[in-house]
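Reconstruct the complex from the two isolated chains, following the hints.
This is what each chain is made of:
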Amino acid sequence: MPDPQDNSSDADLVRLAQKGDMQAFEELVARHRDRVYARAYSMMRNEDEALDLSQDAWVKGWQRLGQFQGDSSFVTWMTRIVINLCLDQLRKLKRKRAESLEAMEEESGGVERQMPVISPNPTEGLERAELQERINRALGQLSEEHRTVLILHEFEEMEYKEIARHMKCSIGTVMSRLFYARRRMASLLAGLRRENSE
Amino acid sequence: MKHDLELKWQTWLDGELPAAEAEQMRRLAASDPEAASLLAELQNIKTALLQNETAVTVPEARSFYWSKIQRQIQRPASVRPSPGPAWAERLRRWLAPVAGLAALAAAIMVALNPSAPQALNQVSVMAEGFQTRTFRDDSAGINFVVFHQIPQPSAAFTGAAPARIRNDGSSFMTELE
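Protein sequence lines, in the order shown, are assigned to chains A and B. Letter by letter, the first sequence follows residues 1 to 198 of the numbering used here. Letter by letter, the second sequence follows residues 1 to 177 of the numbering used here.
The shape of chain B in the complex, shown without the other chains (with noise of 0.2 Å):
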C-alpha cells in the first residue's frame, strides 16, 4: 500500500477527512481487508491511549515546589538586563563610532605633530562604551591604535578593531587588521 493512502486511511480514522471523502473512504475500507487490518491496528493504539496516560504527581511537597515559582515572579525588575530608554540608546549607538573616529583622528594628529614627544607609550581616550589605546614603536616608527569594546548589552559596535599607523617618514599609513 502506499504510504499516502496508509496517511489518508489515519486521516479518516482520526476524524480529520471532509465529510464527502470520508464516506468514499468507509465504503472502500469495507471491501479492502489489507486496509482493515492496518486501520484496525491504528484503532487498537488510538482506543489504547485514550485515557491511559500515566499518573505522575511532583515529587516535592507544595511550599517547596512553590517557593521557586515565588522566587521568580517576586524577582525584582532591577537585576533583569535593562536596554534603558530608546533615546539613550540611539544617541549611544551614534556616538560609539564618532568616538573611536575621534580617537583615531586625534592619534594621528599626534603622530603627525613634530613637536609631540616622540616616547609616546599610551594614550588612552575613553568614550560611552568605547575605549582606544595607542602605543608608539619609536625604532619602527610605528603607532598602533587599539578599540576596545566596554562590554555592555545590545552595544552598536561590536568588534575590537586593532589599527595600525605607520610612519615610514613621509608619509602615514592605517591598516586595520
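Okay, chain A solo, but in the shape it has when bound (with noise of 0.2 Å):
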C-alpha cells in the first residue's frame, strides 16, 4: 500500500517535519538523498567520506528544521548545508597537511599562467555521456580549491560572494580561483581529447 505522504509535496513534508513529524522528514531522505550525496562526493572524491557527511547534514538539517523559512527550496537549503560540512572537512584536512608547492601555486595559477588558450574547443560533438565521463575525470584531477570553486559556481550557480562567505575568503581569490580553474579544465579536457583519438 502505497505511503500517503509520497504524494505530499516538499513543502507539506518539511511542515510536518517541523512538528516533529519523523516519518515525513524520512520521506525528504528519501526523495533529495542522492543530490545530497553526490554534492558531498562531487567536493570530496571518496565514497565513506560522502556518506558520512551527507548523512551528517541530514542530522543537522532536522535539527535546524526551525530555521529554515522556505526562501529557497528545501533541497537547495539541505545542499547548502552539506556544502558547509564538507568545506569544514576539507579545511580540517588542509590544516593537516604541510604547505605545500600546489596551495602555493594556488593563487599564482602555476602552470595555467603561461598555458595558450585552447582551441579549438576539447567538449564540441562529443555525446552527453561521454562528455559528463571526461568533466567528472577532469574534476577529479584539479585541486580541491579549484574543484569547488567550479562546483559552486557551475553546479551550484552560486555568485562570486556568496562563495567566498562559504570558502571563507576574498572575491578576489574566488575570481582567481574560478578563472585558473576554467584554463586547467580546458587543458585537461584536451588533454583527454587527444588521448582518445590516439
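Errors might be hidden in some of the hints.
As the list claims (entries may be wrong) - Calculated pairs, DSS-like style, for lysine-lysine (alpha carbon to alpha carbon, straight line, at most 25 Å): (1) A:K19 - A:K92; (2) A:K94 - A:K161; (3) A:K19 - A:K60; (4) A:K168 - A:K19; (5) A:K92 - A:K168; (6) B:K8 - B:K46; (7) B:K46 - A:K168; (8) B:K68 - A:K60; (9) B:K8 - A:K168; (10) B:K2 - B:K68; (11) B:K68 - A:K19; (12) B:K8 - A:K161; (13) A:K94 - A:K168; (14) A:K60 - A:K94; (15) B:K2 - A:K161; (16) B:K46 - A:K161; (17) B:K68 - A:K92; (18) A:K92 - A:K60.
Quick caveat, the hints were computed from the structure, so don't treat them as lab data. Predicted, not measured: the structure shown is a model, and the values here were computed from it.
Following this line, the structure appears as C-alpha cells:
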C-alpha cells in the first residue's frame, strides 16, 4: 500500500517535520538523498566520506528545521548544509597537510598562467555521457580549491560573493581560483580528447 | 594580458559586472582578438559544465541509509556532554581555586605546627573538580604539595601545579614548578 506522504509536496513534508513528524522527514531524505550525497561526493571524491557527511547533513537539517523559512527550496537549503560540512572537513584535512607547492601555486595560477588558450573547443561533438565522464575525470584531477569553486559556481550557480562567504576567502581569490580552474579544465579536457583520438 | 584584465573578462562573462562596464567590455571584446580567444575558452568550459554533472546515487539502501540518520537524531540528550546550570558552573569555577588555596594553606599550617607528626606521608584533600596531595620528606625537611585537576568539561582551573614547600628550619619557601 503506498504511503500517503509519497504524494505530499516538499513544503507539506517540511511543515510536518517541523512539528516533529519523523516519517515526513524520512520521506524528504528519501527524495533528496541522492542530490545531497552527490554534492558531498563531488567535493570529497571519496565514497565513505561523502556518505558520512551527507548523513551528518541530514541530522543537522533535522536539528535546524525550525530555521528553514522557505526562502529557497528545501533541497537547495539541504545542499548548502552539506556544502558547508564538506568545506569544514576539507579545511580540517588541509590543516593537517604541510604547506605544499600546489597550495602556493593555487593563488598564482601555476602552469595555467603561461598556458596558451585551448582551441578548438575540447568538448565539441561529444555525446552527453562521454562529456560527463570526461568532465568528472578532469574535475578529479583539479586541486580541492579549484574543484570546489567550479562546483559552487557552475553546478550550484552561486555568485562570487556567496562562494567567498562559503569558502571564507575574498571575492578576488574566488575570481582568481575560478579563472585558473577553468583554464586547467580546458587543458585537461583537451588532453583527454588527444588521448582518445590516438 | 594582465591578470586583472583577464579577471575582468571573466567577470563580464559571468554577468557580474555593472551594466555600464559590461557594455564597455562588450565593445572591447569585438575589437580584441586575444580577449576574444580567451573568452571563447572560458565560455566553452562554462557551457560544458552546465547541466553536465555526472549523476551519482547513494550506494546504500534507503532503510540502511536512513537508520544511521535516525539513530543520531534519536540519540538521548543525556549522552551529549552538558555543562549544567550556569549558576553551578560559576560556583564551581569560583570554588576550584579557593579550594586549592585552602588546601595549600592547610599543608603549610601542618608543616609549621611543631606538634604535628613528623612522619607525614600523605594528606589528601578533595574538593569539587580539584584534588591536592601532600608528601613529606623528613630527611630533607621538604613538603611536596601536588595540585591535580579532576578532568571535567570546561573546568576553570586547567593546570596541575606541583608546589614544593621547603622547610629549612627557620623559614618556609613555596615553589611552584
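The hints, checked one at a time:
With a CA separation close to 35 Å, the supplied pair K19 (chain A) and K92 (chain A) exceeds the 25 Å bound. Distance hint between K94 (chain A) and K161 (chain A) is fulfilled; the C-alpha atoms sit about 22 Å from each other, no more than 25 Å. Pair hint K19 (chain A) plus K60 (chain A) holds up; C-alpha atoms about 16 Å apart against a cutoff of 25 Å. Taken as a hint, the K168 (chain A) and K19 (chain A) pair is broken in the structure, with Cα atoms around 34 Å apart against an allowance of 25 Å.
A distance of roughly 14 Å separates the Cα atoms of K92 (chain A) and K168 (chain A); the hinted pair therefore holds under the 25 Å criterion. Simply put, K8 (chain B) and K46 (chain B) have alpha-carbon atoms about 16 Å apart, close enough for the 25 Å limit, and the pair holds. For the hint linking K46 (chain B) to K168 (chain A), the alpha-carbon distance of about 23 Å falls within 25 Å, and the restraint holds. For the hint pairing K68 (chain B) with K60 (chain A), the CA-to-CA distance comes to about 13 Å; that is within 25 Å, so the pair holds.
Only pairs whose Cα atoms come within 25 Å are accepted, and K8 (chain B) paired with K168 (chain A) is accepted, the gap being roughly 22 Å. Our distance criterion of 25 Å between C-alpha atoms is broken by K2 (chain B) and K68 (chain B), whose separation comes to about 52 Å. This hinted pair checks out: K68 (chain B) and K19 (chain A) have alpha carbons roughly 21 Å apart, not beyond 25 Å. Pair hint K8 (chain B) plus K161 (chain A) holds up; C-alpha atoms about 15 Å apart against a cutoff of 25 Å.
With a CA separation close to 14 Å, the supplied pair K94 (chain A) and K168 (chain A) stays within the 25 Å bound. For a cut-off of 25 Å, the pair hint linking K60 (chain A) to K94 (chain A) stands: about 23 Å separates their Cα positions. Proposed proximity of K2 (chain B) and K161 (chain A) is supported: the alpha carbons are some 23 Å apart, at most 25 Å. About 18 Å separates the Cα atoms of K46 (chain B) and K161 (chain A), which keeps this hinted pair within 25 Å; it holds.
With a C-alpha separation of about 23 Å, the suggested pair K68 (chain B) and K92 (chain A) falls inside the 25 Å cut-off, and the hint holds. Simply put, K92 (chain A) and K60 (chain A) have alpha-carbon atoms about 19 Å apart, close enough for the 25 Å limit, and the pair holds.
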